[in-house]
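Visitor: Since the structure of chain A is already known, use the hints to place chain B on it.
Chains as they are written, first to last, in this note's numbering: chain A, 54 to 387; chain B, 54 to 387.
For the record, the hints were derived by calculation from the structure and aren't laboratory data. It is possible that some hints are incorrect.
A pair counts as met if it fits within one copy or between any two copies, since identical chains are not told apart.
Within a straight-line C-alpha distance of at most 20 Å, the following computed EDC-like cross-link-like pairs (lysine to aspartate or glutamate) qualify [stated by the list, open to error]:
1) K111 <-> E185
2) K62 <-> E159
3) K332 <-> D155
4) K138 <-> E285
For clarity, every value in this text was computed on a predicted model and none was experimentally measured.
For reference, the chains in residue letters:
Protein chains: 2
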Amino acid sequence: MKLSDIGEKRLIEIASSILEQDPDEILGLGVDDAAAKPIYDDLYAVMHTDVLVESTDKLPGQSYRDLAYKAVTANVSDIAAKGAKPYALLSAIGIPRVYDLDVFEELMLGLKDSSSSYGCYVVGGDLSSSRELFIAITILGLTYRDRIMGRRGAKPGDLVCVTGEIGYTSLAYKILFDGWRVDDDLRRTVLERIYRPRARLDEGLTLASTGVVSSCMDVSDGLAISLNTLAEVNGVSILIDRIPIPEGVSYVAERYGMDPIDIALYEGGEEYELLFTVKPSGLRIVEDALSKLGCRFSVIGYVAEGLGVYLSHGERVEARGWQHFVGWSSRSTS
Amino acid sequence: MKLSDIGEKRLIEIASSILEQDPDEILGLGVDDAAAKPIYDDLYAVMHTDVLVESTDKLPGQSYRDLAYKAVTANVSDIAAKGAKPYALLSAIGIPRVYDLDVFEELMLGLKDSSSSYGCYVVGGDLSSSRELFIAITILGLTYRDRIMGRRGAKPGDLVCVTGEIGYTSLAYKILFDGWRVDDDLRRTVLERIYRPRARLDEGLTLASTGVVSSCMDVSDGLAISLNTLAEVNGVSILIDRIPIPEGVSYVAERYGMDPIDIALYEGGEEYELLFTVKPSGLRIVEDALSKLGCRFSVIGYVAEGLGVYLSHGERVEARGWQHFVGWSSRSTS
Numbered sequence: 054m055k056l057s058d059i060g061e062k063r064l065i066e067i068a069s070s071i072l073e074q075d076p077d078e079i080l081g082l083g084v085d086d087a088a089a090k091p092i093y094d095d096l097y098a099v100m101h102t103d104v105l106v107e108s109t110d111k112l113p114g115q116s117y118r119d120l121a122y123k124a125v126t127a128n129v130s131d132i133a134a135k136g137a138k139p140y141a142l143l144s145a146i147g148i149p150r151v152y153d154l155d156v157f158e159e160l161m162l163g164l165k166d167s168s169s170s171y172g173c174y175v176v177g178g179d180l181s182s183s184r185e186l187f188i189a190i191t192i193l194g195l196t197y198r199d200r201i202m203g204r205r206g207a208k209p210g211d212l213v214c215v216t217g218e219i220g221y222t223s224l225a226y227k228i229l230f231d232g233w234r235v236d237d238d239l240r241r242t243v244l245e246r247i248y249r250p251r252a253r254l255d256e257g258l259t260l261a262s263t264g265v266v267s268s269c270m271d272v273s274d275g276l277a278i279s280l281n282t283l284a285e286v287n288g289v290s291i292l293i294d295r296i297p298i299p300e301g302v303s304y305v306a307e308r309y310g311m312d313p314i315d316i317a318l319y320e321g322g323e324e325y326e327l328l329f330t331v332k333p334s335g336l337r338i339v340e341d342a343l344s345k346l347g348c349r350f351s352v353i354g355y356v357a358e359g360l361g362v363y364l365s366h367g368e369r370v371e372a373r374g375w376q377h378f379v380g381w382s383s384r385s386t387s
Numbered sequence: 054m055k056l057s058d059i060g061e062k063r064l065i066e067i068a069s070s071i072l073e074q075d076p077d078e079i080l081g082l083g084v085d086d087a088a089a090k091p092i093y094d095d096l097y098a099v100m101h102t103d104v105l106v107e108s109t110d111k112l113p114g115q116s117y118r119d120l121a122y123k124a125v126t127a128n129v130s131d132i133a134a135k136g137a138k139p140y141a142l143l144s145a146i147g148i149p150r151v152y153d154l155d156v157f158e159e160l161m162l163g164l165k166d167s168s169s170s171y172g173c174y175v176v177g178g179d180l181s182s183s184r185e186l187f188i189a190i191t192i193l194g195l196t197y198r199d200r201i202m203g204r205r206g207a208k209p210g211d212l213v214c215v216t217g218e219i220g221y222t223s224l225a226y227k228i229l230f231d232g233w234r235v236d237d238d239l240r241r242t243v244l245e246r247i248y249r250p251r252a253r254l255d256e257g258l259t260l261a262s263t264g265v266v267s268s269c270m271d272v273s274d275g276l277a278i279s280l281n282t283l284a285e286v287n288g289v290s291i292l293i294d295r296i297p298i299p300e301g302v303s304y305v306a307e308r309y310g311m312d313p314i315d316i317a318l319y320e321g322g323e324e325y326e327l328l329f330t331v332k333p334s335g336l337r338i339v340e341d342a343l344s345k346l347g348c349r350f351s352v353i354g355y356v357a358e359g360l361g362v363y364l365s366h367g368e369r370v371e372a373r374g375w376q377h378f379v380g381w382s383s384r385s386t387s
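So here's chain A without its partners, still in its complex pose (with noise of 0.2 Å):
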């Protein structure tokens, strides 16, 4: 059976079925995406491994540097989602060897401009030729147990939240893949923001610092997927009354008949906004705390028993979206 046919989810499945589980490993092999170690008394090693090829995630326009950049931000984000500070980044590149100098040069510059941005180091690397161009970076963070936010603990009642807006990276694949036209203003917002996004570094900390998150993520694989895992290592369901979507977003998606909505959960990605539940009795503290980093967030749904994410009115929010190996699933083609 070709991997197409079988596609990432259940390849992690797989390898999560043939891999032992390191029993000191708090977060889960193929539960959560990053893992967590003691390394000494309630000190933790917070750890996360994240790759961009260029044939599957280097945008049209894109620079080499913006990708490099972007390699550190996915892995930031990861820890970030885990309340872990970043201590020391590795990478790993191939490249071919017909590639300009330059190239590698733009590459070293966006590991050393996100270096310097997230206050982490790159210690290591190794360097290989390859028929395509890909950049794997490692990130290891550190933090505390009684700091650390996995991804399970959710409970029926917490309350479902995320930071900032969802929706500019979905406008960014239409603007780029489908060929919609906007405004040069928005168009350069939302490509920016695909281009060269920042994990919510600060945010995360100030999170996890807070004492009352019970899990969290980030939705880098889209809103709808990253939902559906929330409710499904968590064991419970997850009802939607909201989606904080970019007034912009919402009118280029309607002037195209698309329902903003499914554009939000479905149609993006590789946005580096944190999702969490909270207990209500804690949304007062989240408050105080992200708001003194200037960070806007958004109660949108809340935890219930059952099964499966679902919108105010009963509609089902399916686990689609992008997915490696089968790419979009049952994406739009308007």
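Guide: Positioned in the frame of chain A, the structure of chain B alone reads:
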């Protein structure tokens, strides 16, 4: 300028000149393949990443299971050479979507084998579709400050030693790429060593525990390049008296009209033996320690003032062998 005109060594220099050195990291970006950074008091994280790419690294006849095993060995070897114990592995894998599930399962089994073999779990990973298969492994190791063996530290008067024997992989390349014929037993031995090599983990930890090793690295880049690297980063010269070459390898090399010394120095690589220096007064301690593991090692020469690497009859050992992007430098084509 194309990368193929530049070569891996110069690219690493360029990378090191663009990226900033982490002030807390003690091994040196671009100096050592591994990085070491304090985590808590004198407890250090030792980190390394190594990537294998199918078109460059997969040998004829090598299984995907062995390829994945070897990717882990390359990583374990580098942190063992620093005296650190493996603590966690992460894998970032790219694989074409037209590949069969069997290939993916083989890779996972190779990771599982190596994980058991080195007593270290795979705690996380990422998976992407890509135009060619690659497997980037990152390893995190732990050790204490006074146990770390860097590449820097060799002083004139120190003895230069190597574990095991050198030359099996050189012969393997000759068999696989130049059509050399050898008897079945020898063929099996050399191919096994290059298909599924083992890292000198216990030996590295033991050497570190002696406290008398002044510098250490593995010889995975080939003996000539490794010796030159060691001389260069220490600003010393190295004089080589003898190289422990397996009898079978010498015999076959001579039959093909080649000097066994040349074969061992320039035609190999991916040999995971440890190259280390020790003060003459510490030699006995190293002998006792390694003999308890049943590990043979040889004193192959000594460190002197000056620069460069030389054989005892005065011939210079050049820093040539396999280098990414440019391939074999001045490889014999006999």
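Visitor: All the hints need checking, so say for each whether the structure fits it.
Guide: Hints, one by one, checked against the model:
1. K111 <-> E185: both (11 Å within a copy, 16 Å between copies)
2. K62 <-> E159: Result: close only across copies, 18 Å inter versus 32 Å intra.
3. K332 <-> D155: neither (50 Å within a copy, 45 Å between copies)
4. K138 <-> E285: neither (27 Å within a copy, 36 Å between copies)
Violation of the numbered hints given earlier is confined to hints 3 and 4; the remaining hints are satisfied by the structure.
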